[in-house]
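Engineer: This is what each chain is made of:
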Amino acid sequence: MSGLWRGIALAVARTAVTLLLASVVIFVLLRLVPGDPAQVALGVDATPEAVAATRAHFGLDRPWVIQYGEWMGGLLTGHFGESFVSGQDLSAIILDRTNVTLWLVIPSVVLALLIAAVLGTWAALRRGKVDGFLITVGSQLLMAVPGFLAGVLLVLLFSLALGWLPPSGWVVPSDAFGPFLARLVLPVLALTAVQAAILTRYVRSAVLDVSGADFLREARAKGLSRSEAMLRHGLRNVAVPVLTVTGVQLSSLLVGAVVIESVFDVPGVGSLLVEAVGQRDMVSIQGIVMVLVAFTVIVNLAVDLLQTLVDPRLRVSPRVSGAAA
Amino acid sequence: MRRPNVSLWIGGVLTALVVLTAVVSVFWTPFDPTAADASQRLLGPGGEHALGTDKFGRDVLSQIMAGSRVTLVVGLVSVGIALIIGTPLGIIAGMRRGWVEEAILRFSDLLLAFPALLLAIVFAAVFGAGTVSAMVAIGLGSVPGFARVARSATLSIMRLEFVVAARASGRSAWGVGVLHVLPNLVGLLLVQSTVTFSLAVLAEAALSYLGLGTPPPEPSWGRLLQEAQPFLAAQPLLTVWPGAAIALTVLGLNLLGDGLRDRLSVGRDGR
Amino acid sequence: MPTRTSGTNPAHRRRALDPGTASQSGPSAPGLPSRRAVLAGAVTAAASTWLLAACDAGHTARDAVAAAPPGAVTLALTAPPANLDFTTTSGAAIPQALMGNVYEGLVAVNDDGELVPALASAWSVDEGGTRYTFELQKGVRFSNGDEFSSATVKFSLERVNTDAWTNGLKAGMALLERVETPDPLTAVAVLKRPSLAWLRSLATLIGAMFTPSAVTGLKGSAVGTGPFEVSSWKPGQSLALTRRADYWGEPAASPQVTLRYYADNTTAVNALRGGAVDAVVGLASPELLAPFEKNPEYRITQGTSTGEVVLSMNNQAAPFTDVRVRQAVMYGVDRAGVLASAYDGRGTLIGAPVPPTAPYFEDLTGAYPYNPARATELLKEAGVYGTTVTFSVPDLPYAVAASQAVASDLTKVGLKVKIKVQEFPAVWLQEVLTAHRFQLSVIAHVEPDDLLTLLSSGYYLGYDGARVASIAAAADAGDTREYIAGMREVVRQAIVEDAAADTLFLLPALSLMRASLRGLPVNSPTTALELSRVVKA
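Residue numbers (this note's numbering), protein chains in the order written: chain A, 1 to 325; chain B, 1001 to 1271; chain C, 2001 to 2537.
The set of hints was computed from the structure by calculation and includes no laboratory data. Hints may contain errors.
[To be verified] A few chain B residues facing chain C, derived, Cβ under 7 Å: (1) ALA1038; (2) GLY1052; (3) PHE1056; (4) PRO1215; (5) PRO1217; (6) PRO1230; (7) ALA1233; (8) ALA1234.
[Stated by the list, open to error] The following label-pair restraints were derived from C-beta to C-beta distances: (9) PHE1127/B with ALA2318/C: 24 to 34 Å; (10) ALA2171/C with ASP61/A: 21 to 31 Å; (11) TRP164/A with GLU2158/C: 21 to 31 Å; (12) LEU1076/B with ALA53/A: 46 to 56 Å; (13) GLY1044/B with ALA53/A: 55 to 65 Å; (14) ASP36/A with THR2162/C: 16 to 26 Å; (15) GLY178/A with GLY2249/C: 38 to 48 Å; (16) LYS2294/C with ALA53/A: 51 to 61 Å; (17) ALA1173/B with LEU235/A: 26 to 36 Å.
Predicted model, so just to flag it, every value in this text is computed and none were measured. Cβ atoms here follow ideal geometry from the backbone N, Cα and C, with glycine treated the same way.
From just these sequences and the hints, can you work out the full model?
Structural biologist: Okay, here's the thing in structure tokens:
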């Protein structure tokens, strides 16, 4: 018992350390940006006095340590500060735009997981047969298509040629749910396609690994059918590596969706980051990157904890075979 | 594997084709890939320009050929960065437990907290967008992967009899690391490299699409794709050529990785 | 990569090296909630927390669908304003959205480029040319209820010359001595010296009328006398303008006009096709128009703008300190070819940074005909044949496109060109416009009447403004005829003789709209986009 809880405490502590280190890295990195943020915010013809006043207003004239402390203090109380460029309070904006991206990412990861579970298992059980081979080839091909190309082609087909779905845009879900869903379909589909291809390969490989394992043979020797043995004993062994991959996909997609957001005009957090980079809006960039990093780290932690819960027998580090795919 | 290793063959041929194209393009392309000619704009395929011309009147085939260089450079440099940083870290972490390992683990966790695309976008803000920023970002983002592979393999190698014997005979940790561990890692790292390489190719394309990748006029497949987008309705082939180039390269690398894995029985070593 | 993790096989990547909490856990012990319960609880809690917030996802970026009244118009644009305060932020995006719609000046410029009355119903100038008397419109109120009077005029115009304004265009107001207010409906502007250009500049953003009670927080709010007020602003995303019922003039035709800002032209055009917007204004990828040309459901308008695309050669940096090298560039760039490549041939060749709507326009396209042989000759004469120059290009579609055509042309005549793309506005403004760290660059100068700004000493072109300053001053002080002749002289000296900069072409004002949309201005003689007549038929 104590082992489990100590493990959890240790993992949480490590996560906190990572977050702290990451915040320092982000803060320092953005101080290396050439140019004076106040000058950038005011434009080229600003008088030196105006620039100095702005520097003072945003506290840029104070030592880094103080600036970092204030930023951290703000973050811990949920305040991301005020944008140099638009003068808006960033807290609401960053979290809201993150939610938009989650609407794309979570459904597509869940959907991809379901598709992959079916196709991957199928491909593994039918290894060496035509249909198994076709699934493998299909997932290989799908993985090789750049995400935005997939998005552009989906728009071309479903919106411009067939006219079934709106080509782009975003509607606040609580405002009009139907139109919201209609606009969600294509971007989610574009993300799902590639995710499903990746996960299918993982599921297939995990199932192959497991189906050759000793405990399955034992189970079958005890008279269980192949599928029974698989369900009772194999499932959690497949779940661990697949869960691991899913966690990684979830966090990397939060930024990775930016390309799809750009194609489909979705106001997600990735687009917000690219906008902020274009404007050199340092306070925004700093806040957005911190949110994304925190999300990644927390998802990693969650996956760790889930692994422990799903498969306590896991003694060695997750045995995602090197083969994986 | 009793049946012929199809993945290895197809992947190898596709990859070789890309490398060959890149090498040839250094010495010869049908036209100068960056030479614009407004009188030759948007020609269809066939005729003098085998794959047609773009909106500047530049030869598309020449650009695709020259673009393979950027692709290879981005892939090689990214993989190189990840390999050079990640492998030693992984080996050291595998050989030395205690605080060294813990420090490496924390560093690796830190890198893991920054997905490569995020790193690339931030680097674009800090150091300016361009091929170098992109390569470094993708490379750094790939370090934890190499480190993990190297460490877990090192852990099992260290338990092998001849290594235990070597250590017992008083060989230094360095000697063991270089003479015994590293050679046993080559296969694994090769597989890891092909996978990273294919991700780097896709990453470069995505960054170019966002305008954060290779700057013009250096031909890059990602930027060709982005420049072709407005012509999608009128000249779809302009999108097809670079799209196919990227897809075939990534496919080739993925298949090559799979094939190597099967051939070297990497990862199915049944620890 | 967009959808994949970096690095490697995802499973390898995660928890890269960590011995992992997994190995730490002991066997499950009785007396604790089962793992499944813990798991389910955690997941449920996280999911419900998120769903609560997620139902409003995007509310900081999009307006509610129902909020738009019937007849509301939505226009797609591609350059979002960073904020709403043009007194401290330069760039064309803010005045484009707000001037003439929210803010008004004493005078305005109509679609044909003529000066017309606005908040001043009439004006006169004394014989010395330094005292302008404006008669003001009666019954004008700001959208917050404040009254518009001569005191407002005095406040607004004199404020331009204080530190409250940091926009570089404030220089246009420098010659204002003071504003007198003999009565609430009469304002007298006293200039330090006579100027014809000053009156015209009142139609631009420096002539905007502000009310003293609403000049704090200008970045996020705008209070003006115009036909619209800002009803919603989502930075980087959209700006909704709602019709004012209490507008002093003819009310706007539409109850609401929303400006939606898209990341690129392709997405904007897709939005038009999908029905999310009624028009794409200022389309910068003319290639996208091809499928619409013969479609009766859509209309394409092409007008003139004031955006001169200028290939700038840093007159203060080698090799462009040598006039022969600058002339070589003028001869060596095939401007018609550049226009074809960069803007699909839509646009006008003008030969000098003066749009055809300017009173002193003169066709100078023949001054430097395309002559690569002559260009090579000049480069050899100047001893720089084969030299490499760096071309700092802002990451705007037309600029990136034009730069590639220009680079190819210059390479052919013997100047090697290295293109360096810089983010616009942040990096480009800093490097090129402010620090003058560049050799070649290209940008559209969109401010109306910006010729003298371009040619002033200390501006990024590096031209020695003293060479034309006296001619320009004499022109500004004279009558209209002298003004035109004088300004033409300035152009001939600076552009033809000194080859200060190569004007590649004039950007077209391109719009693509549903055929049912009416009242969208065709030309853009100022940076303002007048929206009061826009309406769905």
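Engineer: Hint by hint, say whether it matches the structure.
Structural biologist: Evaluation of the provided hints:
1. ALA1038: Constraint on ALA1038/B satisfied, holds at 3 Å.
2. GLY1052: 15 Å, violated
3. PHE1056: Since chain C brings a Cβ to about 5 Å from PHE1056/B, closer than 7 Å, the hint holds.
4. PRO1215: Interface hint status for PRO1215/B: holds (4 Å vs cutoff 7 Å).
5. PRO1217: 5 Å, holds
6. PRO1230: Since the shortest Cβ distance to chain C is 4 Å, the answer is holds.
7. ALA1233: Hint on ALA1233/B: holds, closest Cβ of chain C at ~5 Å, below 7 Å.
8. ALA1234: 5 Å, holds
9. PHE1127/B with ALA2318/C: 24 to 34 Å: At 27 Å between Cβs, range holds.
10. ALA2171/C with ASP61/A: 21 to 31 Å: Given a distance of about 28 Å, which is inside 21 to 31 Å, the answer is holds.
11. TRP164/A with GLU2158/C: 21 to 31 Å: Given range 21 to 31 Å: violated, Cβ gap about 59 Å.
12. LEU1076/B with ALA53/A: 46 to 56 Å: Distance hint for LEU1076/B, ALA53/A holds at roughly 49 Å.
13. GLY1044/B with ALA53/A: 55 to 65 Å: 59 Å, holds
14. ASP36/A with THR2162/C: 16 to 26 Å: For THR2162/C against ASP36/A, whose Cβ atoms are near 23 Å apart, the range 16 to 26 Å holds.
15. GLY178/A with GLY2249/C: 38 to 48 Å: 40 Å, holds
16. LYS2294/C with ALA53/A: 51 to 61 Å: 56 Å, holds
17. ALA1173/B with LEU235/A: 26 to 36 Å: Given a distance of about 42 Å, which is not inside 26 to 36 Å, the answer is violated.
Hints 2, 11, 17 from the list above are not met by this structure, while the remaining hints are.
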